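Peer 1: So the chains spell out like this:
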Amino acid sequence: MKSLKKIRIALAIIFFIPIFLYLIDFTGKLPFHLHGLLHIQWIPALLTLNLIIIGVLFLLSLFFGRIYCSTICPLGVFQDVTARKSRFFAKKNKKKFRYEYVKPQNILRYSILALTVLLFIFGSSFLLVQLDPYSIFGRMISQIFRPLLIWGNNGLATILSGMGNYSVYKVEQNTFVPLAFGITLFFFLLIGLMAWFRGRLFCNTVCPVGTSLGLLSKISLFRISIKESSCNQCGACEKSCKSQCIDSHAMTVDQSRCVSCYNCLTVCKKSSMKYEFGYKKQNSTVQETPSNNGRRTFLLTSGAVVATLAVAKANTVTAKNDATLTRTPIMPPGAGTADHFNTKCTGCQLCVDKCPMQVLRPAVLQYGISGIMQPHLDFSTHVFCSYDCNICSTVCPTSALKSLPLNEKKLVQIGVAKFRKDKCIVSVDETDCGACSEHCPTQAVHMIDYKDGLTIPEVTESICIGCGACESICPAKPYAAIYVEGAKTQILANKPPEAQKFNKKVDDFGF
Amino acid sequence: MKRRDFFKSAAVVGLASIFKPEALVAKSANGKLAVHSSPDLVAVMGGEPEVMLVRAMKELGGIGKYVKKGAKVVIKPNIGWDKSQEMAANTNPEIIGALVKMCKSAGASEILVFDHTCQDWKKCYANSGIEAAVNAAGGKMVPGNDESYYQKVSFPTGVNLTEAKIHKAILDCDVWFNVPVLKHHGGAKNSIAMKNLMGIVWDRKFFHSNNLHQCIADAATMAKKPALNIVDAYRIMKTNGPQGKSEADVVTLKSLIISPDFVAVDTASMKLFSQVQPTEMKDVRYIAMAEKLNVGTQNLDSLNVKRIKIN
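Chains as they are written, first to last, in the numbering used here: chain A, 1 to 511; chain B, 512 to 822.
With the rest of the complex left out, here is chain A:
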């Protein structure tokens, strides 16, 4: 029984370390297929409608409670790590046992869950994006830890290259977006502080995944309970419970908040903490009042929920027509339609992290309020969507981006290049340029005769895929003479025609 905690910790490490390293890795040295660990997260699996993963996670929760929260969810494990760290700073006598039972924040947690679900049903992913625990963790890495690591790396590279050593190379940081950073920092501090002082408070008050799994774990088959006959009410279990869900005086365990960490099993000297098939004893373990309370509060809050929902929905609608939008935002390849993408993407930043060109960036208001954090393409010098790359569509765990084979991705039209002759170097300065055509992988942007031997770009829109190579390199200032207008619905472009083959034999130098 006591080894359960060790198994839980081992599992948590097995999931957490690879996920952490994979997300923070900016060198691409770790095995690419590690992204599979992110496909088994709750919300991504639900959004993908991956029935196998959903089934497994569902059965796991039904049998053993919130195993997902204690081992698979990286944010959950992050909180455990934080809570553990806090012990080093706690006073000696309080060192090991510092939690005490508190009542559940039912109004808050059920409201948040209901709001998240209802908003999603009404077409706004706002709360889902902001509150999905896996995605919050992804953003913490992407916006805070990863940039710090890269800064460190670049500092080292500067020192070494100054000495003529190029073994460490610099990595560009293009993905910093103040709003995304601000929101991420807020959640980092909020969750960090909550975990530091109150263990799994976030999971049991804010996290919609935690709350919904709590509903499931209420009826889970294996559960923790207190054997009243041998318990001497020493309170050790209560003090070790980071969910603060054990009431050692009443000898009850709030199943909905228990994250199956099994700490209590280990600390109980009387072996009075049981983890066993608990269905038959439901009456003795589930308290009457909390469940009644829960139901009542659930009903009570519905009114408030609906009201807030209306306000939020109104906000979303107005934001989508915001005047700050200068052009249709460009979605990553595989997004399909704007509706599909904006609904399914949780803004976990995995594609942003893994994009070798760093052209993906978390959106501010490009997609409206709901789409804050969802990735869009942002071109700058040498930063555009690489022709021979389909990484974002491959790694996406939520199916917001459909996985595209490389030859199909090369045809997916994420936007179309628009040429503005009046801004072009060739027509303004009457000198050769052709940077846009030079970078165009399909030659949708090609040079045609202009005058006096000069050539000027022309766009064949039917073969343009909107990769932005042209816009990224256009030297016209301050407004690029060629730019990409995003596609709301991504279609397949025509295959670019091949050049005529040269079959004659050349056996002279020509000079």
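These are computed hints drawn from the structure, not numbers from a lab. Keep in mind the model is a prediction, meaning the values are calculated, not measured. We put the CB at the ideal spot given by N, CA and C, even for glycine. Hints should not be assumed to be uniformly reliable.
With beta-carbon atoms standing in for the labels, derived distance ranges [unchecked claim]: (1) A/Ser-462 / B/Thr-790: 26 to 34 Å; (2) A/Phe-186 / B/Thr-673: 33 to 41 Å; (3) B/Ser-813 / A/Pro-147: 55 to 63 Å; (4) A/Asp-422 / B/Ser-813: 43 to 51 Å.
Fit chain B to the given chain A structure using the hints.
Peer 2: The following block gives chain B in isolation, referenced to the frame of chain A:
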């Protein structure tokens, strides 16, 4: 200068010449006044890349003429694009590998290879095949993706480009080789030796917005010229350059053209290229512009040209 400092530096210079006497001799041997029989331009056709390079080098007097023992060497291929060697968008990796090997055998202490790529540099280095060839031959790939690797250099005789940031590897080395691939180019008409200089520069946009051809010609006036321009024409890209769309853009010419003269090597390369894809020499404007800046000559008849066919 204080007298003491003068003596100090005089002593240092004296010592240096004792330890590295060949450095001084080499200078006079390369100087314009020296009478030499080795050719100004060598063109080879019909062999595999390494065979042609070895043959051409022999004609030019051997690698030892350019690379001294202990020298720090830089090789600048065109690695601009994330394409395989069959696409001829980048310099042939076999030529680069062979050149690294040669420099190594001449006793080079360090052989660095880099390009300021147009696409993701790591993928360009890897998929061009150049990274593997260089590592196998004992050279070292160096990144060119960050401004901090570049240092400001002035071009006193440049018309539009009067200063630019150049990669430090070039500035710090003892000798460097410019090893472009011969290909069509949408903007500059053709990309050969002089156009390849845009890969040692940090701010390429400046070129495009300030008369591309003039800036390319200006770049060729740089003080630290490559010892040789080695133009890879084993495979050339005849159309849709500089990236190419498919292998239909590629023609295998199995040729190699080498000269220390930027203008001559680009002129000769254009004449070879025009047999496949007729191109007006005057439309490749930077060649004439560079000649005007006394970078070199378009008049191949005035040069000692060696043509070699390998069968």
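Peer 1: Hint by hint, note whether the structure agrees.
Peer 2: Here is what the structure says about each hint:
no.	hint	in the structure
1	A/Ser-462 / B/Thr-790: 26 to 34 Å	holds, 28 Å
2	A/Phe-186 / B/Thr-673: 33 to 41 Å	violated, 49 Å
3	B/Ser-813 / A/Pro-147: 55 to 63 Å	holds, 58 Å
4	A/Asp-422 / B/Ser-813: 43 to 51 Å	holds, 46 Å
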